[in-house]
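> Chains B and F, in that order, are what the protein sequence lines are. Position one of the first sequence corresponds to residue 51 (the numbering used here), numbered consecutively onward. Position one of the second sequence corresponds to residue 299 (the numbering used here), numbered consecutively onward.
The reader is advised that the hints may include incorrect statements.
As the list claims (entries may be wrong) - Result set (BS3-like, lysine-lysine): computed pairs, CA atoms no more than 30 Å apart in a straight line: (1) K429(F) <-> K403(F); (2) K480(F) <-> K452(F); (3) K429(F) <-> K452(F); (4) K614(F) <-> K653(F); (5) K406(F) <-> K429(F); (6) K614(F) <-> K216(B); (7) K452(F) <-> K216(B); (8) K480(F) <-> K406(F); (9) K216(B) <-> K429(F); (10) K480(F) <-> K216(B); (11) K406(F) <-> K216(B); (12) K480(F) <-> K403(F).
Claimed, not checked - Which residues of chain B face chain F? A few of them, derived with a C-beta cut under 8 Å, are: (13) T96; (14) T99; (15) A104; (16) A140; (17) K216; (18) D221; (19) G222; (20) S224; (21) V232; (22) P235; (23) L236.
Calculated from the structure, these hints are not laboratory results. By construction, the Cβ of each residue, glycine as well, lies at the ideal position given by its N, Cα and C atoms.
For reference, the chains in residue letters:
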Amino acid sequence: MGGNARARWALLDLLVLVYALVPVAWIASLSFKEPSTVSAGTFWPTKWTWSNYAGIFRNDDFVRGLVNSIGIGLISTAIAIALGTMAAYAVARLRFPGRNAVLGLSLLISMFPQISLVTPLFEIERRLGLFNTWPGLIVPYVTFALPLTIYTLSTFFREIPWDLEKAATMDGASPFQAFRLVIVPLALPGVVTTAILAFILCWNDFLFSISLTSSNAARTAPATISYFTGSSQFEDPTGSIAAAAVVITIPIVVFVLAFQRRIVSGLTSGAVKG
Amino acid sequence: MAEIVLAGLTKRYPDGTLAVERFDLTIADGEFIILVGPSGCGKSTTLNMIAGLEDITDGELRIDGTRVNERAPRDRDIAMVFQSYALYPHMTVRENIGFPLRLAKTAKAEAGRRIDEAARLLDLGELLDRKPANLSGGQRQRVAMGRAIVRDPKAFLMDEPLSNLDARLRVQMRTMISRLQKRLGTTTVYVTHDQTEAMTLGDRIVLMRRGVLQQIGPPQELYEHPRNLFVAGFIGSPSMNFLPCEVTGGHLRTIIGDVPLTSATRRVLADRDAPEELILGLRPEAFDDARLVRPDGPAHTFTGHVDILESLGSEKLAHIALDEAGAIRSEHLAEAFSDGSGEARAQLVAHLDPKSPAREGEDVVLTFDPSALHLFDPDSGLNLTNAV
Numbered sequence: 051m052g053g054n055a056r057a058r059w060a061l062l063d064l065l066v067l068v069y070a071l072v073p074v075a076w077i078a079s080l081s082f083k084e085p086s087t088v089s090a091g092t093f094w095p096t097k098w099t100w101s102n103y104a105g106i107f108r109n110d111d112f113v114r115g116l117v118n119s120i121g122i123g124l125i126s127t128a129i130a131i132a133l134g135t136m137a138a139y140a141v142a143r144l145r146f147p148g149r150n151a152v153l154g155l156s157l158l159i160s161m162f163p164q165i166s167l168v169t170p171l172f173e174i175e176r177r178l179g180l181f182n183t184w185p186g187l188i189v190p191y192v193t194f195a196l197p198l199t200i201y202t203l204s205t206f207f208r209e210i211p212w213d214l215e216k217a218a219t220m221d222g223a224s225p226f227q228a229f230r231l232v233i234v235p236l237a238l239p240g241v242v243t244t245a246i247l248a249f250i251l252c253w254n255d256f257l258f259s260i261s262l263t264s265s266n267a268a269r270t271a272p273a274t275i276s277y278f279t280g281s282s283q284f285e286d287p288t289g290s291i292a293a294a295a296v297v298i299t300i301p302i303v304v305f306v307l308a309f310q311r312r313i314v315s316g317l318t319s320g321a322v323k324g
Numbered sequence: 299m300a301e302i303v304l305a306g307l308t309k310r311y312p313d314g315t316l317a318v319e320r321f322d323l324t325i326a327d328g329e330f331i332i333l334v335g336p337s338g339c340g341k342s343t344t345l346n347m348i349a350g351l352e353d354i355t356d357g358e359l360r361i362d363g364t365r366v367n368e369r370a371p372r373d374r375d376i377a378m379v380f381q382s383y384a385l386y387p388h389m390t391v392r393e394n395i396g397f398p399l400r401l402a403k404t405a406k407a408e409a410g411r412r413i414d415e416a417a418r419l420l421d422l423g424e425l426l427d428r429k430p431a432n433l434s435g436g437q438r439q440r441v442a443m444g445r446a447i448v449r450d451p452k453a454f455l456m457d458e459p460l461s462n463l464d465a466r467l468r469v470q471m472r473t474m475i476s477r478l479q480k481r482l483g484t485t486t487v488y489v490t491h492d493q494t495e496a497m498t499l500g501d502r503i504v505l506m507r508r509g510v511l512q513q514i515g516p517p518q519e520l521y522e523h524p525r526n527l528f529v530a531g532f533i534g535s536p537s538m539n540f541l542p543c544e545v546t547g548g549h550l551r552t553i554i555g556d557v558p559l560t561s562a563t564r565r566v567l568a569d570r571d572a573p574e575e576l577i578l579g580l581r582p583e584a585f586d587d588a589r590l591v592r593p594d595g596p597a598h599t600f601t602g603h604v605d606i607l608e609s610l611g612s613e614k615l616a617h618i619a620l621d622e623a624g625a626i627r628s629e630h631l632a633e634a635f636s637d638g639s640g641e642a643r644a645q646l647v648a649h650l651d652p653k654s655p656a657r658e659g660e661d662v663v664l665t666f667d668p669s670a671l672h673l674f675d676p677d678s679g680l681n682l683t684n685a686v
């Protein structure tokens with residue numbers, strides 16, 4: 051590639067990066083501004099302050115929201131991964147009637163407009179006593195995380211050489227042992243990637259959280275932010291909202307950076323003749 | 299160690315394809331059996347049925363007298379070596395070899411002892427802590443062997459274990475497998491498409507074509523007494539030469555002259571009510587350079603033009619160009635020749651002594667003993683001279 055082409059690509063990359071990151075930077079800068087200077091019209095804060103961050107962590111509702119977010123997100127992810135690996139394995143490896151229907155159906159679920167489910171779910175959960183509880187959010191989260199996990203993981207499973215499983219069977223493994231001792235360790239990069247995606251999906255949800263909760267008992271962080279008020283009714287909570295937004299973005303960034311290598315590296319090299 | 303009996307083993311796929319048809323074979327305890335044939339002949343399917351990786355449609359599989367059709371692979375106590383080696387990439391060599399023991403819940407100390415023993419046999423001692431990704435092809439192959447021998451199974455199944463190796467390594471590993479099998483004395487079923495491997499390795503060869511067993515016997519028997527055209531064409535390298543011929547009186551009229559028939563052959567042809575048009579088969583090894591030998595019995599001599607001469611040091615291969623009339627088209631031969639051309643080219647290959655003065659582009663006088671010839675029925679492909 052000539053220097054000219056390289057420069058053009060670099061410029062293009064830069065444009066995309068700027069486009070994607072300016073809003074993030076803006077929120078970050080807002081989160082460091084004094085409430086009185088929020089509308090001063092400068093990009094950089096005129097006076098840097100941590101008070102927004104200190105404020106939101108003094109707010110019990112937000113802390114509780116974070117706890118809810120982490121707890122509900124982790125449990126939903128764990129359930130979705132446990133069920134999803136098995137389902138994906140079946141879809142990728144076993145021959146059974148309706149195999150493609152399972153994949154199709156799970157895709158269909160992920161396409162379903164969630165807003166149309168909110169009202170019926172609200173009614174159902176109220177009657178079942180699930181409204182405003184952790185399970186009340188975990189159930190829909192698992193529902194929408196499952197298609198994602200099944201679809202992604204079945205791709206990973208398909209790439210694992212068939213022979214390895216046959217070899218495990220011949221070595222004396224039961225089907226479940228072959229799955230647990232050979233297939234899952236090899237699919238681990240895929241499982242980790244999928245788990246992160248599923249967690250992000252739950253973590254980012256706003257719609258279900260705001261509709262299926264009524265107090266901080268189960269309300270997750272993104273929904274909690276929408277209930278922020280200023281210290282007086284004449285004060286705008288912009289700074290606090292920005293700080294909270296930054297706080298809930300951090301885990302995602304950390305996850306992706308920490309597992310980036312894992313996601314990219316393949317574990318299957320050397321299994322069969324390369 | 300065990301005796302394996304295949305009684306009328308049949309595999310039919312749901313779409314109706316018949317992969318293996320009524321396969322009968324008794325493998326003696328400690329025997330080294332080679333399943334050989336062109337691709338798609340059903341040899342791997344047969345192996346997988348013995349392993350338990352494929353269901354048996356019909357027939358019975360017995361190991362040591364017990365029916366095992368319905369048993370899961372892990373309950374058959376059989377080890378398998380795969381063409382792809384199928385090593386577990388996330389485990390070290392030691393863990394790979396020890397995997398069957400781990401599943402069998404063998405005590406740690408005992409497992410360690412047996413892994414070391416297998417590693418010693420296969421010369422893997424230095425590599426025990428490496429991962430498969432850091433091994434060469436030959437080393438991976440040995441690890442796969444180690445995983446098979448470590449638990450002392452009733453039988454070994456090997457599915458083309460050498461076909462991923464380069465030629466030189468393949469010869470080395472062939473010897474190693476042969477030695478290992480003799481030493482362990484474990485019943486072994488070995489699948490290959492390579493007739494050289496088949497000839498050199500096994501006690502007996504089982505040659506298959508389109509799911510049907512063609513001939514079972516020791517390598518030499520298949521070489522000397524092929525039951526039909528397919529076996530004759532498949533076994534032997536270079537392949538047997540085939541020529542069209544016509545029986546007239548006491549002679550065979552062929553493109554290389556009138557070959558006298560031995561009285562025994564004449565009798566057999568009469569007994570079997572053979573057609574007049576036959577296919578003549580002659581091994582390249584049947585020919586001699588007339589300048590080098592003095593025939594001690596009846597011999598047929600003819601002159602051919604050497605098209606190409608391949609000198610291999612210990613032998614010379616003379617390709618003799620023939621008239622187009624010398625070409626044979628037979629569906630029986632189509633699969634036997636690896637190039638799948640389905641027709642023997644109009645040529646003869648003669649395997650000559652290295653001292654032969656034959657030269658490329660010159661004529662050569664060749665001689666052969668008429669009793670060395672095979673005659674085949676062109677329709678059924680059967681060898682008519684077999685009983686001689």
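> Each hint should be assessed against the structure and marked as holding or not.
Do the hints match the structure? See the list:
Restraint check: the Cα-Cα separation between K429(F) and K403(F) comes to about 23 Å, which is no more than 30 Å; the hinted pair holds. About 15 Å separates the Cα atoms of K480(F) and K452(F), which keeps this hinted pair within 30 Å; it holds. Between K429(F) and K452(F) the alpha-carbon distance is near 28 Å, which keeps this suggested pair within the 30 Å criterion. Note on K614(F) and K653(F): the hinted pairing holds, with a Cα-Cα distance of about 9 Å set against a maximum of 30 Å.
Under the criterion of a C-alpha separation no larger than 30 Å, the hint pairing K406(F) with K429(F) is consistent with the structure, at around 21 Å. At most 30 Å may separate the alpha-carbon atoms for a hinted pair to count; K614(F) and K216(B) exceed this at roughly 45 Å. In summary, the hint linking K452(F) to K216(B) is supported, as the alpha carbons are separated by about 18 Å, within the 30 Å threshold. A threshold of 30 Å between alpha carbons decides the hint, and for K480(F) with K406(F) the separation of about 29 Å falls inside it, so the pair holds.
Our distance criterion of 30 Å between C-alpha atoms is met by K216(B) and K429(F), whose separation comes to about 20 Å. Taking the CA atoms of K480(F) and K216(B), the gap is about 27 Å. The hint holds against a cut of 30 Å. Annotation: proposed proximity of K406(F) to K216(B) holds, straight-line Cα distance about 25 Å (limit 30 Å). Between K480(F) and K403(F) the CA atoms are separated by roughly 28 Å; this keeps the pair inside 30 Å, and the hint holds.
Using the Cβ-Cβ criterion of 8 Å, the hint placing T96(B) at the interface with chain F is not satisfied: the shortest such distance is roughly 55 Å. Annotation: T99(B) was flagged as interfacial toward chain F, and the flag is violated, the nearest CB pair being 50 Å apart, outside 8 Å. At its closest, the beta carbon of A104(B) sits 46 Å from a beta carbon of chain F; the interface hint therefore is violated under the 8 Å criterion. Interface restraint check for A140(B): the shortest CB-CB distance to chain F comes to about 18 Å, outside 8 Å, so the restraint is violated.
Hint on K216(B) holds. Least Cβ distance to chain F is approximately 6 Å, under the 8 Å limit. Of the supplied interface hints, the one on D221(B) holds, with its beta-carbon coming within about 4 Å of a beta-carbon of chain F, less than 8 Å. Look at G222(B): its Cβ gets to within about 4 Å of chain F, closer than 8 Å, so that hint holds up. Evaluation of the S224(B) hint against chain F yields a held restraint, the C-beta minimum of about 7 Å falling below 8 Å.
Here the hint on V232(B) is kept, as its CB sits about 6 Å from the closest CB of chain F, short of 8 Å. A cut of 8 Å between beta carbons decides the hint on P235(B): the least distance to chain F is about 5 Å, and the hint holds. Evaluation of the L236(B) hint against chain F yields a held restraint, the C-beta minimum of about 6 Å falling below 8 Å.
Violated hints for the displayed structure, listed by number in ascending order: 6, 13, 14, 15, 16.
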